[in-house]
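> These protein sequences, in sequence, are chains A and B.
Here our numbering is used: the first residue of the first sequence is 1, the next is one more, and so on.
Here our numbering is used: the first residue of the second sequence is 1, the next is one more, and so on.
Think of the hints as simulated: they come from the structure by calculation, not from any bench.
Small disclaimer: the values here were computed from a predicted structure and weren't measured.
Check each hint, because a few of them may be wrong.
The list treats identical chains as interchangeable, and a pair is accepted whether it falls inside one copy or across any two copies.
In the EDC-like style, the derived pairs of lysine to aspartate or glutamate whose C-alpha atoms are separated by at most 20 Å in a straight line are [to be verified]:
{"#": "1", "residue 1": "K149", "residue 2": "D305"}
{"#": "2", "residue 1": "K290", "residue 2": "E265"}
{"#": "3", "residue 1": "K26", "residue 2": "E330"}
{"#": "4", "residue 1": "K46", "residue 2": "E216"}
{"#": "5", "residue 1": "K210", "residue 2": "E275"}
{"#": "6", "residue 1": "K61", "residue 2": "E168"}
{"#": "7", "residue 1": "K334", "residue 2": "D103"}
{"#": "8", "residue 1": "K334", "residue 2": "E105"}
2 protein chains.
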Amino acid sequence: MNKQPHVAIVGATGAVGIEMVKTLEKRRFPVGQLTLLASVRSVGRKIPFAGQDLVVQELTKDSFRGVDLALFSAGGGISREFAASAVAAGCVVVDNSSAFRQDLEVPLVIPEINAADIQAHKGIIANPNCTTAITLMALYPLHQAFGVKRIFAASYQAVSGTGAKALEELERQVEQIVHREPVTRQVYPHQIAFNVLPQVDAFLPSGYTKEEMKMENEGRRIMHHDSFRASVTCVRVPVYRSHSVAVSAEFERPVSLAAARTALERAPGLDVVDEPARQQYPMPLFTTEKYNCAVGRLRLDRALDNGLCFWVSGDQLLKGAALNAVQIAEELVKPPGAA
Amino acid sequence: MNKQPHVAIVGATGAVGIEMVKTLEKRRFPVGQLTLLASVRSVGRKIPFAGQDLVVQELTKDSFRGVDLALFSAGGGISREFAASAVAAGCVVVDNSSAFRQDLEVPLVIPEINAADIQAHKGIIANPNCTTAITLMALYPLHQAFGVKRIFAASYQAVSGTGAKALEELERQVEQIVHREPVTRQVYPHQIAFNVLPQVDAFLPSGYTKEEMKMENEGRRIMHHDSFRASVTCVRVPVYRSHSVAVSAEFERPVSLAAARTALERAPGLDVVDEPARQQYPMPLFTTEKYNCAVGRLRLDRALDNGLCFWVSGDQLLKGAALNAVQIAEELVKPPGAA
């Protein structure tokens with residue numbers, strides 16, 4: 001790829017798109033030109049990038065002429081409609097939607113785990129689900145050390161994972177409650193302020209939600225581990241940003257706390273925050289706007305023989321979305337042979 | 001026991017104590033006389049009961065003369081200091097603290113599960129931990145149907161479980177954030193508004209908290225099931241009232257969804273709220289101030305061979321505390337031989 005590629009962001013005005021623009025700038029990604037694309041209702045909005053105000057343009061099938069790299073984050077429908085046009089125009093697509101994650105022709109990548117898979121791409125590379133990405137950042141180093149068999153997990157997911165309108169909904173509901181006004185809803189089926197909703201994404205006939213199945217389906221592909229099993233409950237909580245996950249993991253081999261800690265401390269993109277005596281553990285308030293995920297509450301699992309319990313938290317707009325996409329882009333522009 | 005006992009409430013001005021007074025009145029418990037006891041700083045406060053304003057009196061070792069039944073909810077220290085005096089005065093104590101829950105001389109009771117254990121009391125009956133009680137309301141009927149081996153659980157616990165001051169803390173922090181003021185803390189070690197804290201109660205050397213161990217320790221006693229294992233992560237969430245728990249449970253015998261649903265529908269004190277297509281599932285906002293716990297999100301567990309996933313929510317001030325204590329008291333005043 002061009003060493004200073006022309007980059008397009010599809011869904012530039014969304015919660016993730018805005019973070020993609022910021023992340024490209026903060027990480028000094030070698031942007032040759034940046035094109036911001038969105039639906040017609042956002043056309044004309046200005047978004048700052050590298051000292052300039054870039055004007056959002058309308059996404060069409062002709063938007064990708066001359067574009068080397070497109071970061072998509074506008075939902076699965078837009079990805080299915082426009083990714084092929086981008087690829088046909090010679091563009092490489094990093095797609096943050098779930099549209100291609102189970103397409104075996106499309107690498108599904110967390111660069112700290114399976115960067116090498118990127119090489120096999122045929123124009124599209126998929127970015128994983130946010131909760132899956134954050135969980136795997138802690139689980140994969142443990143898998144390397146002990147060989148994971150299965151996990152039991154429950155998530156605590158922030159509203160910004162649903163998008164900018166959900167963030168506004170929580171803010172609005174809180175203000176309504178503080179001012180003793182009736183609570184209104186537009187995004188979630190139930191009040192999210194001072195409540196928790198045990199539903200993220202749509203239900204499947206099995207009773208699991210699509211979101212809950214992503215952990216196993218995407219985890220298998222990213223870890224190259226076809227027998228990995230995951231039973232997950234995904235829950236929306238009244239937190240603005242950063243997802244957290246409580247995990248019980250069972251391994252093939254005996255687990256020691258010391259070896260687990262060492263494996264996690266050496267893992268890239270992960271901070272071990274685990275000092276119970278000082279009440280230090282990962283929390284969404286403190287992983288917000290951080291690139292690294294944080295893992296803590298490490299303990300040998302009481303109900304598993306080779307098991308470890310842990311708690312991981314990470315910014316789902318960053319490692320769960322924009323950062324991971326930009327990291328994939330960074331791999332794409334690396335000179336051949338670079339580590 | 002006297003059919004219209006003289007009842008005392010110890011800790012009458014606390015979050016649970018207030019619910020005890022209300023619950024005695026609402027359930028028309030045959031109160032002969034009601035004495036409200038608290039520490040010296042609450043003396044003189046008036047609390048309405050059955051159309052009168054009762055004046056809070058100071059708790060002393062002489063408070064229990066003539067009292068038949070005392071409901072304690074003022075923390076383990078107060079229970080350890082005063083329960084023996086109450087028993088010596090001829091009073092039966094129902095204790096909501098953790099002080100006696102592991103004392104094999106003291107029955108630990110959820111009336112829907114092990115009411116018969118009450119008969120063996122020697123003056124004190126213990127009320128279980130709130131998260132444990134709410135979880136067991138759904139787990140025990142499943143245990144009867146399939147024989148539970150172990151569970152993996154993660155909790156979503158409301159601030160009122162910590163007490164009235166924690167409720168005020170969440171309210172205050174939300175107002176501070178809405179008014180763009182600095183956030184202050186007095187109760188929790190970290191901001192609870194728009195955050196989640198993966199700590200409830202103190203840490204043990206194992207890395208689990210005391211709260212997390214209650215599920216296994218109390219579950220074994222209440223279900224009379226010494227090999228029951230539970231790996232739990234307890235998490236405080238910015239919800240005012242009602243705890244929720246995500247559970248993966250493994251059983252001895254094969255589980256069918258239909259049989260699980262039937263067992264849960266027949267269970268006393270429990271509502272099955274499980275219509276994913278209509279986005280109906282238990283939530284803390286809707287179990288608040290309800291006597292019954294609610295269970296839903298029923299599904300065969302993907303990562304267990306004989307396993308069921310479920311989600312249970314219940315008012316921890318009621319079934320998790322005041323209601324359960326009053327139900328124990330109701331058993332005590334039943335005429336001998338009554339069902």
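> Failing hints, ascending?
Those not satisfied are hints 4, 6, 7, 8.
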